[in-house]
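Generate coordinates for the entire structure from the input sequences, incorporating the hints supplied.
There are 2 protein chains.
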Amino acid sequence: MSVLIVGSTALDSIKTPKAENPRLLGGSASHAAVAASFFSPVKLVGVVGEDFPKRYIQLYKRHRIDLEGLQILPGKTFHWSGEYELNMNNRRTLLTELGVFETFTPTLPKAHQSSQFVLLANIAPSLQSHVLNQMQRPRFIAADTMDLWLNIALPDLLKLINRLDAFVLNDSEAHQLTKEDNVFAALRKIHKLGPKYVIIKKGSHGSILSGPQGFFICPAYPLHKVVDPTGAGDSFVGGMMGYLATAKGSIDQNIRRAMIYGSVVASFCCEGFGLNRTTRIRRSHINQRVKELTKLTKF
Amino acid sequence: MSVLIVGSTALDSIKTPKAENPRLLGGSASHAAVAASFFSPVKLVGVVGEDFPKRYIQLYKRHRIDLEGLQILPGKTFHWSGEYELNMNNRRTLLTELGVFETFTPTLPKAHQSSQFVLLANIAPSLQSHVLNQMQRPRFIAADTMDLWLNIALPDLLKLINRLDAFVLNDSEAHQLTKEDNVFAALRKIHKLGPKYVIIKKGSHGSILSGPQGFFICPAYPLHKVVDPTGAGDSFVGGMMGYLATAKGSIDQNIRRAMIYGSVVASFCCEGFGLNRTTRIRRSHINQRVKELTKLTKF
Numbered sequence: 200m201s202v203l204i205v206g207s208t209a210l211d212s213i214k215t216p217k218a219e220n221p222r223l224l225g226g227s228a229s230h231a232a233v234a235a236s237f238f239s240p241v242k243l244v245g246v247v248g249e250d251f252p253k254r255y256i257q258l259y260k261r262h263r264i265d266l267e268g269l270q271i272l273p274g275k276t277f278h279w280s281g282e283y284e285l286n287m288n289n290r291r292t293l294l295t296e297l298g299v300f301e302t303f304t305p306t307l308p309k310a311h312q313s314s315q316f317v318l319l320a321n322i323a324p325s326l327q328s329h330v331l332n333q334m335q336r337p338r339f340i341a342a343d344t345m346d347l348w349l350n351i352a353l354p355d356l357l358k359l360i361n362r363l364d365a366f367v368l369n370d371s372e373a374h375q376l377t378k379e380d381n382v383f384a385a386l387r388k389i390h391k392l393g394p395k396y397v398i399i400k401k402g403s404h405g406s407i408l409s410g411p412q413g414f415f416i417c418p419a420y421p422l423h424k425v426v427d428p429t430g431a432g433d434s435f436v437g438g439m440m441g442y443l444a445t446a447k448g449s450i451d452q453n454i455r456r457a458m459i460y461g462s463v464v465a466s467f468c469c470e471g472f473g474l475n476r477t478t479r480i481r482r483s484h485i486n487q488r489v490k491e492l493t494k495l496t497k498f
Numbered sequence: 200m201s202v203l204i205v206g207s208t209a210l211d212s213i214k215t216p217k218a219e220n221p222r223l224l225g226g227s228a229s230h231a232a233v234a235a236s237f238f239s240p241v242k243l244v245g246v247v248g249e250d251f252p253k254r255y256i257q258l259y260k261r262h263r264i265d266l267e268g269l270q271i272l273p274g275k276t277f278h279w280s281g282e283y284e285l286n287m288n289n290r291r292t293l294l295t296e297l298g299v300f301e302t303f304t305p306t307l308p309k310a311h312q313s314s315q316f317v318l319l320a321n322i323a324p325s326l327q328s329h330v331l332n333q334m335q336r337p338r339f340i341a342a343d344t345m346d347l348w349l350n351i352a353l354p355d356l357l358k359l360i361n362r363l364d365a366f367v368l369n370d371s372e373a374h375q376l377t378k379e380d381n382v383f384a385a386l387r388k389i390h391k392l393g394p395k396y397v398i399i400k401k402g403s404h405g406s407i408l409s410g411p412q413g414f415f416i417c418p419a420y421p422l423h424k425v426v427d428p429t430g431a432g433d434s435f436v437g438g439m440m441g442y443l444a445t446a447k448g449s450i451d452q453n454i455r456r457a458m459i460y461g462s463v464v465a466s467f468c469c470e471g472f473g474l475n476r477t478t479r480i481r482r483s484h485i486n487q488r489v490k491e492l493t494k495l496t497k498f
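In order, the protein sequences belong to chains A and B.
Okay, so the first sequence: first residue is 200 according to this note's numbering, each after it adds one.
Okay, so the second sequence: first residue is 200 according to this note's numbering, each after it adds one.
Quick caveat, the hints were computed from the structure, so don't treat them as lab data.
Glycine included, every Cβ here is placed at the ideal spot set by N, Cα and C.
Among the hints, erroneous ones may be present.
Said to hold, decoys possible - Derived PhoX-like pairs (lysine-lysine); straight-line CA-CA distance at most 20 Å: (1) A:Lys447 <-> B:Lys424; (2) A:Lys424 <-> B:Lys447; (3) A:Lys424 <-> B:Lys401; (4) B:Lys490 <-> A:Lys497; (5) B:Lys424 <-> A:Lys424; (6) A:Lys388 <-> B:Lys424; (7) B:Lys424 <-> A:Lys401; (8) B:Lys395 <-> B:Lys358; (9) A:Lys378 <-> A:Lys358; (10) B:Lys424 <-> A:Lys391; (11) B:Lys401 <-> A:Lys497; (12) B:Lys217 <-> A:Lys378; (13) B:Lys494 <-> A:Lys490; (14) B:Lys490 <-> A:Lys494; (15) A:Lys494 <-> B:Lys424; (16) A:Lys494 <-> B:Lys494; (17) A:Lys424 <-> B:Lys388; (18) A:Lys497 <-> B:Lys447; (19) B:Lys494 <-> A:Lys497; (20) B:Lys497 <-> A:Lys490; (21) A:Lys424 <-> A:Lys217; (22) A:Lys217 <-> B:Lys378; (23) B:Lys395 <-> A:Lys401; (24) B:Lys358 <-> B:Lys388; (25) A:Lys401 <-> A:Lys378; (26) B:Lys358 <-> A:Lys378; (27) A:Lys497 <-> B:Lys497; (28) A:Lys275 <-> A:Lys253; (29) B:Lys401 <-> A:Lys401; (30) A:Lys388 <-> A:Lys401.
Stated by the list, open to error - Reference listing, derived: stretches of chain A covered by chain B, where coverage requires no fewer than 3 residues with Cβ under 8 Å from a Cβ of chain B: (31) 282-295; (32) 381-387; (33) 398-412; (34) 447-461.
Structure follows, in structure tokens:
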């Protein structure tokens with residue numbers, strides 16, 4: 200089964216204390232799509248401008264990502280620029296040029312409307328809902344978000360959350376949404392907003408799933424060095440959804456392992472700028488780290 | 200086998216946003232000793248003043264803690280007073296009255312000197328070393344510390360670390376000691392100071408072991424509510440050492456499970472003020488949570 204992924208497709212200029220990389224391929228949908236592509240076919244829905252480098256189109260294609268839903272419009276590609284502090288945990292946005300994203304309305308090609316696995320990667324919640332409105336009956340809908348939408352589009356976001364099977368957010372967003380410092384108390388409150396599965400991402404501390412079978416404490420793969428964490432969260436959900444779309448059995452049977460796979464793809468993402476490292480790995484590298492992670496958590 | 204535990208024995212006055220509790224039984228050795236007592240016999244080494252409430256002596260005795268090494272001296276018991284912020288992560292010290300601790304020199308009774316398992320719970324590193332100097336050949340020596348000693352007694356602490364089998368510290372202390380933000384990079388540096396096993400505690404995010412068999416990612420038991428985290432780290436190492444002292448097989452075979460047991464005892468510690476909750480549980484409650492934690496981490 201394939202995964203339909205909608206989200207941002209962008210050019211990222213990323214500064215860390217050690218290096219500066221302009222106009223990398225970025226955006227939530229790019230990271231999620233490449234991550235998912237290791238496990239299942241991917242249909243990408245997004246928008247880029249005429250300045251979008253051909254080599255990035257080639258990159259998508261090398262990952263066999265279906266680009267029928269990628270609009271190329273007159274104007275500039277969404278450009279984000281950010282800077283990380285020394286500890287790689289805090290980042291600040293230096294610049295956001297929306298470009299063609301300003302007027303983007305995702306329209307699903309006919310063939311996409313019957314997709315069974317849908318990932319609404321980070322993008323305005325009104326657009327995420329707009330995508331859902333065009334769909335028939337997906338089997339599993341997951342969405343990610345960011346603090347910006349909690350700040351400026353909370354009513355839209357709440358409407359969206361109520362339509363999801365799985366809602367994925369990071370710990371500071373969970374705190375912002377629920378006013379709960381305790382992650383398990385926050386999970387409980389978020390379930391009341393609708394989703395059967397809630398996943399809170401905690402960066403290098405891993406992630407927590409709350410679902411019908413209780414909690415799952417998902418570890419992060421140990422990294423001695425983080426080069427650039429941009430897109431790690433998107434890679435996590437992308438990898439998870441890709442795994443879920445092709446795994447046999449129920450969501451409940453597979454979601455824990457799916458998170459482990461997502462966690463491992465996210466670890467590769469952190470080891471290079473943008474998608475530099477993720478695009479250089481194969482499924483066998485992922486399997487190897489999953490094996491290691493299994494050993495690292497056994498007791 | 201029994202565990203010898205040396206550390207502080209104190210009265211703690213703890214303020215949280217919800218409540219205030221004066222003169223609870225506290226101190227690193229008290230928490231660690233009670234935690235260890237669920238698994239093995241414990242010999243406590245510490246000092247209290249004449250004001251030390253009889254009911255706390257009774258409490259130690261109910262846990263069958265050997266008090267031959269507990270000195271009762273003229274003067275006041277060490278008194279610490281602290282206040283937690285709303286998120287229960289940040290605390291500030293309101294008052295520290297050293298009392299009889301000011302001139303304390305731990306002297307080991309003859310019977311204690313041949314102990315095989317030694318936990319040097321948080322106390323000045325010079326005193327931790329002084330205890331080691333009186334011992335024959337312990338099979339396994341672990342020590343905990345705190346930021347204060349990194350600030351005012353680093354040379355003493357480094358000398359001590361070099362004599363340990365296992366060094367336990369929290370993530371901010373690991374950062375302070377190594378200048379490494381990355382916990383795995385920090386672990387590598389701390390090994391170079393001597394210990395075969397290094398454990399970094401990360402509070403509600405669990406802990407990480409680095410040892411001869413690689414890393415172990417140890418989860419924290421999920422708590423919906425933290426009443427008072429004081430002593431959780433001491434309970435963790437205490438529980439771990441108690442488990443290790445009685446488990447059959449090598450340290451390598453047992454240390455991961457020992458950390459899981461320690462983690463569970465620490466979870467109980469957080470659910471009440473001081474030792475209020477920990478002293479009300481039985482081994483069966485611990486086993487139950489270990490079972491749950493096993494389920495929560497399976498994939």
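Comparing the hints with the structure gives:
1. A:Lys447 <-> B:Lys424: With a Cα-Cα distance of about 37 Å, the restraint between lysine 447 of chain A and lysine 424 of chain B is violated, given a limit of 20 Å.
2. A:Lys424 <-> B:Lys447: The hint is violated at about 37 Å.
3. A:Lys424 <-> B:Lys401: 18 Å, holds
4. B:Lys490 <-> A:Lys497: 14 Å, holds
5. B:Lys424 <-> A:Lys424: 33 Å, violated
6. A:Lys388 <-> B:Lys424: 14 Å, holds
7. B:Lys424 <-> A:Lys401: It holds: about 18 Å lies between the C-alpha atoms, which stays within 20 Å.
8. B:Lys395 <-> B:Lys358: 15 Å, holds
9. A:Lys378 <-> A:Lys358: 19 Å, holds
10. B:Lys424 <-> A:Lys391: 18 Å, holds
11. B:Lys401 <-> A:Lys497: 19 Å, holds
12. B:Lys217 <-> A:Lys378: Answer holds: lysine 217 of chain B to lysine 378 of chain A is near 17 Å, not above 20 Å.
13. B:Lys494 <-> A:Lys490: Distance ~19 Å between lysine 494 of chain B and lysine 490 of chain A Cα, so the pair holds.
14. B:Lys490 <-> A:Lys494: 19 Å, holds
15. A:Lys494 <-> B:Lys424: 30 Å, violated
16. A:Lys494 <-> B:Lys494: 16 Å, holds
17. A:Lys424 <-> B:Lys388: Measuring from Cα to Cα gives roughly 14 Å; hence the hint holds.
18. A:Lys497 <-> B:Lys447: 18 Å, holds
19. B:Lys494 <-> A:Lys497: Answer holds: lysine 494 of chain B to lysine 497 of chain A is near 12 Å, not above 20 Å.
20. B:Lys497 <-> A:Lys490: 14 Å, holds
21. A:Lys424 <-> A:Lys217: Measuring from Cα to Cα gives roughly 12 Å; hence the hint holds.
22. A:Lys217 <-> B:Lys378: 16 Å, holds
23. B:Lys395 <-> A:Lys401: 29 Å, violated
24. B:Lys358 <-> B:Lys388: With a Cα-Cα distance of about 15 Å, the restraint between lysine 358 of chain B and lysine 388 of chain B holds, given a limit of 20 Å.
25. A:Lys401 <-> A:Lys378: 17 Å, holds
26. B:Lys358 <-> A:Lys378: 45 Å, violated
27. A:Lys497 <-> B:Lys497: 9 Å, holds
28. A:Lys275 <-> A:Lys253: Holds, because 14 Å separates the two Cα atoms, which is no more than 20 Å.
29. B:Lys401 <-> A:Lys401: Holds, because 12 Å separates the two Cα atoms, which is no more than 20 Å.
30. A:Lys388 <-> A:Lys401: 18 Å, holds
31. 282-295: As far as the stretch 282-295 of chain A goes, the hint holds, because 4 residues have Cβ atoms under 8 Å from chain B.
32. 381-387: holds (count 5)
33. 398-412: The restraint on the stretch 398-412 of chain A holds, since 5 of its residues have a Cβ under 8 Å from chain B and three suffice.
34. 447-461: Coverage by chain B holds for the stretch 447-461 of chain A (4 residues, Cβ < 8 Å).
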